[in-house]
Amino acid sequence: MGNNTPTHRDDQTERFERFIALDAGQFWKALVVEDENSLIEVGEVLLVTNIDYVDNQAHTITVRIHPSKQSRSFPKSQKFRVEHFLRSFEHVEMDDAKKEREARLAEIQGRINATQLELTQASADTNVLDSFIQRDMPDKENETNLPVLREALPNSVVGAIKTQKVTALMTKGLTDNGVQQIKSAMEHQVGVIEKRSDWLTKKTGQLAGIASEMTPYFEEQAAVALAETSEMRKHIDKLMKGIGSLDLYTLKDVEVFDIKEGASAPQNVKLTIAQAVLYMDEEMAVYAPVVGGFDCRNREDFFKALAVHPELVNQIFPTERCIVGMSTTRHFRDYSQYHSITAERLHRENALVFFLVRDGDNLYGVVSSEVMHQFTSRLFPSWNEMKQPFRGVRGEDITYESIQYTSSLSEFENMSLAYKRILILLCGLDHNKQLFGDFYDEGASLEFVTQAFQEKYINFIYDDDGTNMFKGKSSERPTIKEWLQDVNTTITSGSRVLINWRDCFSTDSIPSAFERETQWNYRHDNRRLLFTPDNDTRSGYIEAVVEMRSGEMFVTIPISGHNNRYEHREFNGRLSLDKAFMCIENPFSIICLDRVNPDDLKYYLHNRNARVKNVPAIKSIKEAILIAERDYVEEQPIRARMYAALESGGVAKGTDSLKLIADAVAIFRCANKGAKLDIVNHDPKKYNQLLDQMFMLSGKMGDPTEAVRESEGKLGRIVIRVTLDTKGHYIAYSTPIGAERDDRLVEFKWVARTRYKTSAKGIKAQKPTFTKLHARPANESIKYEIENYTDYVFPDSHPWNTPNAKKKQFEYLITTKSMMALLDEARADDEAFKRFLNEYKLVRSNASKSNVEEPCIMVPIATAYARNGMVGAFGLCLDSISALIYTSNGDQARLNMARRAYMDLYQQAIAAAERFDNVMARSKEKSFLDMADPKLLIVSEAFSTSSIWIVDSGLYHVDRVNTELFSIQAILDKKFIGYELMEGIKGSVDDFFGAQKPKNHRPCVIKEFSRFSHEWSGYVLYELTEALQKSINNHDVDVNRYFDTFEEAQQYISEKWINYSSDGGETFKEVSYAETSDYPKELKTRKGLVFPALKGWKLDK
1 MGNNTPTHRD DQTERFERFI ALDAGQFWKA LVVEDENSLI EVGEVLLVTN
51 IDYVDNQAHT ITVRIHPSKQ SRSFPKSQKF RVEHFLRSFE HVEMDDAKKE
101 REARLAEIQG RINATQLELT QASADTNVLD SFIQRDMPDK ENETNLPVLR
151 EALPNSVVGA IKTQKVTALM TKGLTDNGVQ QIKSAMEHQV GVIEKRSDWL
201 TKKTGQLAGI ASEMTPYFEE QAAVALAETS EMRKHIDKLM KGIGSLDLYT
251 LKDVEVFDIK EGASAPQNVK LTIAQAVLYM DEEMAVYAPV VGGFDCRNRE
301 DFFKALAVHP ELVNQIFPTE RCIVGMSTTR HFRDYSQYHS ITAERLHREN
351 ALVFFLVRDG DNLYGVVSSE VMHQFTSRLF PSWNEMKQPF RGVRGEDITY
401 ESIQYTSSLS EFENMSLAYK RILILLCGLD HNKQLFGDFY DEGASLEFVT
451 QAFQEKYINF IYDDDGTNMF KGKSSERPTI KEWLQDVNTT ITSGSRVLIN
501 WRDCFSTDSI PSAFERETQW NYRHDNRRLL FTPDNDTRSG YIEAVVEMRS
551 GEMFVTIPIS GHNNRYEHRE FNGRLSLDKA FMCIENPFSI ICLDRVNPDD
601 LKYYLHNRNA RVKNVPAIKS IKEAILIAER DYVEEQPIRA RMYAALESGG
651 VAKGTDSLKL IADAVAIFRC ANKGAKLDIV NHDPKKYNQL LDQMFMLSGK
701 MGDPTEAVRE SEGKLGRIVI RVTLDTKGHY IAYSTPIGAE RDDRLVEFKW
751 VARTRYKTSA KGIKAQKPTF TKLHARPANE SIKYEIENYT DYVFPDSHPW
801 NTPNAKKKQF EYLITTKSMM ALLDEARADD EAFKRFLNEY KLVRSNASKS
851 NVEEPCIMVP IATAYARNGM VGAFGLCLDS ISALIYTSNG DQARLNMARR
901 AYMDLYQQAI AAAERFDNVM ARSKEKSFLD MADPKLLIVS EAFSTSSIWI
951 VDSGLYHVDR VNTELFSIQA ILDKKFIGYE LMEGIKGSVD DFFGAQKPKN
1001 HRPCVIKEFS RFSHEWSGYV LYELTEALQK SINNHDVDVN RYFDTFEEAQ
1051 QYISEKWINY SSDGGETFKE VSYAETSDYP KELKTRKGLV FPALKGWKLD
1101 K
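For the sequence shown, counting from 1, position 124 maps to 124 in this note's numbering; every step adds exactly one.
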């Protein structure tokens, strides 16, 4: 490719200029390396594998890193701008490059031959092998060879050694020293054999490593051939892309199907292309029912809906001549019950994007053969999508001077091609099928894909990225989720709610509707629903009125059905809204109807953003619209009377009147437990209440708000809100004063609610009550509110609903001292023990039905507030066996009585006896603290019991503090948010129970190593430092057990043993663990932290 041309000649010298055509497949030598982190070194001869062009000019050069530095898994390369490359490299002739590569291969082959020769010699002669071992694996210099006294072994012993039978060694000539001598010789021989094996293994691996160095050189030879043909391959690729575009134009493999036939759109209507891809279920839900789990198998339902609902057609297509992208659903459907191939096909079909075409009343569907079209996210690119390829990972712009520019340009061109092919497809549909009707001048069809044609005859709607879209008033509205949260915060006593009962019904929210618990479904959620609402309109929705009981929201629902005996029953079921809110899958399954405005709901119904992944919400909204419009029609005569009264009385008119009426009606219905407004037709007093309410809301009557605030302020309260109720009373919501607060465990979050009566003399306060403050009251109108009122809104996670419920939590009828006294009495007195045992049998018998329910002993210590929000009685718990053994106090007669009592109810009495005996063996000489487990009993009121025994259905285990296992006080301090000690406990709980810190306290942990995941098997001891505990908490390392002292760990290991067989399972023996010096000296975590080991134990086989 070179060409040498003389450019200047004189009598002294000749000057030559050399011109090289830069092509892929050539070798160039590195002259300069500017990047310190580069893998390239000066003088290396490297292969040019690719040249990227921009506007027919070389832009980026890709060179392959030298074969000696290549990775086995992925070839390494480096890119250069063409100017940088020409400054840093010089061309190398192909013959010179081949010679350099052949020399490298010859050097590697020489090393392979030398290694093979050593392996051959070592395999043939053990003396040569031992000399190689001494050269490559010399003995450690610090090893000390102690002198060994050797004695001449009798011939009988020497002969016995050769027989390799241990029994033959039992001769009179064998002494202790002789045995040691034989053992030493055997160990030495084993060491020699292991060293020989290690050397051969290491050398074989070394040979394989050297041989692998040749592979990158052979791979480079293949890369040369690919590089030399790269330009041709790029040219062919461009041709194939062009052919692919022609296939689309000719509609090859393109599916076109009719949905509806009719008249064509007028010629003057331009063709509109919408950017966003829509989804069938979200569009169809507005006008037609959508089945649950809507997927590709329900597409026909969508096409039928298009044919019968013109409103749905207008919703999808913004103009009469239009193209939109349509997919089935954006939800991921669960097809786990299908074969994997079928499931994958269904997932792909759900994601498939096809084109919907409208020409007047004609509707068509088009499925492109181009894969990029079938899964496109839009029909033409967004501005961000066009800029994205030229934006770096850190957000910087990629310009022409950047090395990444050609890669970004290639990405941009691929993206552009996919969208250009959509236009080519549309052109083919127009030329071959006339699918869009007549919408351009004659003769312009050949210019379909030109910019001039598009500007004149096509509109592009940027409904995906919002470019050039009018902001409108919708941006000022809250989102649909914010709207729902706002209306549902007003739920209170008397509120009307719309309920999707199928989503709200559960064994927790309405247990009376489900079958009773039996031995087959005990504590499980598979209990069958037996009773359903009577007033279900087959839509799955019911209306109900909220009641408040002990601060919890309920609705009463008439339900009926057949019980397990097939008997028909009808009764009122109580649905807990608080529990229903926790179990519903769709947040729109509960909607407060008190202040629902049909116009607001219709906005969200027809707002496409509100329908995104929200099909169940659409159904709820449609139901709420029907109810709101029905109510409005029924209430219209009374609303008209109210409007006329406001106008005639000069109180308000126009939109002001309508707002006053809406507010008054909402408050009135809520205050009257959801009653219909027509009750005022039969009760003039209530109609007058409505008029008074509007008059007060209008502000025409004197406003006593300031007087109310002043009255509350004199009491030392901060007024949070002042409202007006339906009876014309002003209500102040204020902070409680110090004497009214109960801040035990959790801050007192209720507010004082004081009703004020107004008269000619002024205002008069009634006795305050304490209630939750809601974000918005449903049955009252707000007259005043401080800015930071949200700071006083009652939290969702508060453990009590009412102040009285909190008060009851602390009203204990028993104490820690009294419970311990009962246990001590049973230990000390035989008669007391018998009463204790009889009580156990009675409680267990009453609690046991089909299964034996074992009671336990709970010694309460404190009322505690757990970190998960639960409040209960914290204490020390003895299970039934432990309690019986502890109170037996070591007396054998008592133990026998207790054992018989425990076995009594069990069908498998022998197994029960074994359980009892096992616990008894482990509990010898153990104290109460050693036998008891810390637990939290979750109860809504103070812990109290008529018996010392309780059934432990509400008990939750509480872990001890790892660094202070001996301490009960540490559990309270470090495991709970707060606690209140029981009456009679002064100071530390540890002092009360006599729990003392061990003198040799040194927290530690034991970790088990097994052959399954480690080379070594056994137990290792580590000191429990703060850093190790942090690693354990972060799951960077796993341990098996915690201890307060090393001695406790040693005792634990000494009691462990396993059944071990040395003959393949024919015989077994108990094998314990023995201390060893052969154990992993360090524990390395997943994040690289290292912790030293202190001791190790392994099986003493």
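It should be emphasised that the hints constitute simulated quantities derived from the structure, not laboratory data.
The model shown is predicted, which means the values in this text are computed figures rather than measured ones.
Accuracy of the hints is not assured; some may be wrong.
[Stated by the list, open to error] Within a straight-line C-alpha distance of at most 25 Å, the following computed DSS-like cross-link-like pairs (lysine-lysine) qualify:
id, residue 1, residue 2
1, K1030, K808
2, K1030, K1084
3, K1101, K1087
4, K685, K579
5, K260, K202
6, K772, K700
7, K1030, K1069
8, K613, K673
9, K1030, K975
10, K659, K613
11, K1030, K1101
12, K622, K686
13, K260, K203
14, K1087, K1056
15, K714, K579
16, K1056, K1030
17, K757, K783
18, K99, K29
19, K270, K456
20, K602, K686
21, K817, K997
22, K76, K99
23, K807, K686
24, K1101, K926
25, K420, K481
26, K602, K481
27, K1030, K1007
28, K613, K602
29, K817, K772
30, K76, K29
31, K808, K935
32, K676, K659
33, K817, K767
34, K685, K714
Tested hints:
1. K1030 / K808: violated, 39 Å
2. K1030 / K1084: With Cα atoms ~14 Å apart, K1030 and K1084 stay inside 25 Å; holds.
3. K1101 / K1087: Violated, at about 35 Å.
4. K685 / K579: Judged against 25 Å, a Cα distance of about 38 Å means the pair is violated.
5. K260 / K202: This hinted pair is violated, its Cα atoms lying about 77 Å apart.
6. K772 / K700: violated, 30 Å
7. K1030 / K1069: violated, 40 Å
8. K613 / K673: Status violated; Cα separation ~35 Å.
9. K1030 / K975: holds, 16 Å
10. K659 / K613: Not OK: K659 and K613 at ~33 Å, beyond 25 Å, violated.
11. K1030 / K1101: violated, 36 Å
12. K622 / K686: Given that 25 Å is the threshold and the Cα spacing comes to 32 Å, the pair is violated.
13. K260 / K203: violated, 78 Å
14. K1087 / K1056: violated, 31 Å
15. K714 / K579: violated, 40 Å
16. K1056 / K1030: Not satisfied, since the Cα-Cα distance of roughly 28 Å exceeds 25 Å.
17. K757 / K783: OK: K757 and K783 at ~15 Å, within 25 Å.
18. K99 / K29: holds, 14 Å
19. K270 / K456: Holds, at about 8 Å.
20. K602 / K686: violated, 32 Å
21. K817 / K997: holds, 22 Å
22. K76 / K99: holds, 22 Å
23. K807 / K686: At roughly 38 Å apart (the allowed maximum being 25 Å), K686 and K807 break the hint.
24. K1101 / K926: Judged against 25 Å, a Cα distance of about 31 Å means the pair is violated.
25. K420 / K481: violated, 38 Å
26. K602 / K481: holds, 15 Å
27. K1030 / K1007: holds, 16 Å
28. K613 / K602: Cα-Cα ~18 Å, so holds.
29. K817 / K772: Roughly 37 Å separates the two Cα atoms, so the pair is violated.
30. K76 / K29: holds, 17 Å
31. K808 / K935: Answer holds: K808 to K935 is near 21 Å, not above 25 Å.
32. K676 / K659: It holds: about 19 Å lies between the C-alpha atoms, which stays within 25 Å.
33. K817 / K767: violated, 40 Å
34. K685 / K714: Given that 25 Å is the threshold and the Cα spacing comes to 36 Å, the pair is violated.
The structure is inconsistent with the numbered hints 1, 3, 4, 5, 6, 7, 8, 10, 11, 12, 13, 14, 15, 16, 20, 23, 24, 25, 29, 33 and 34, although it conforms to all the rest.
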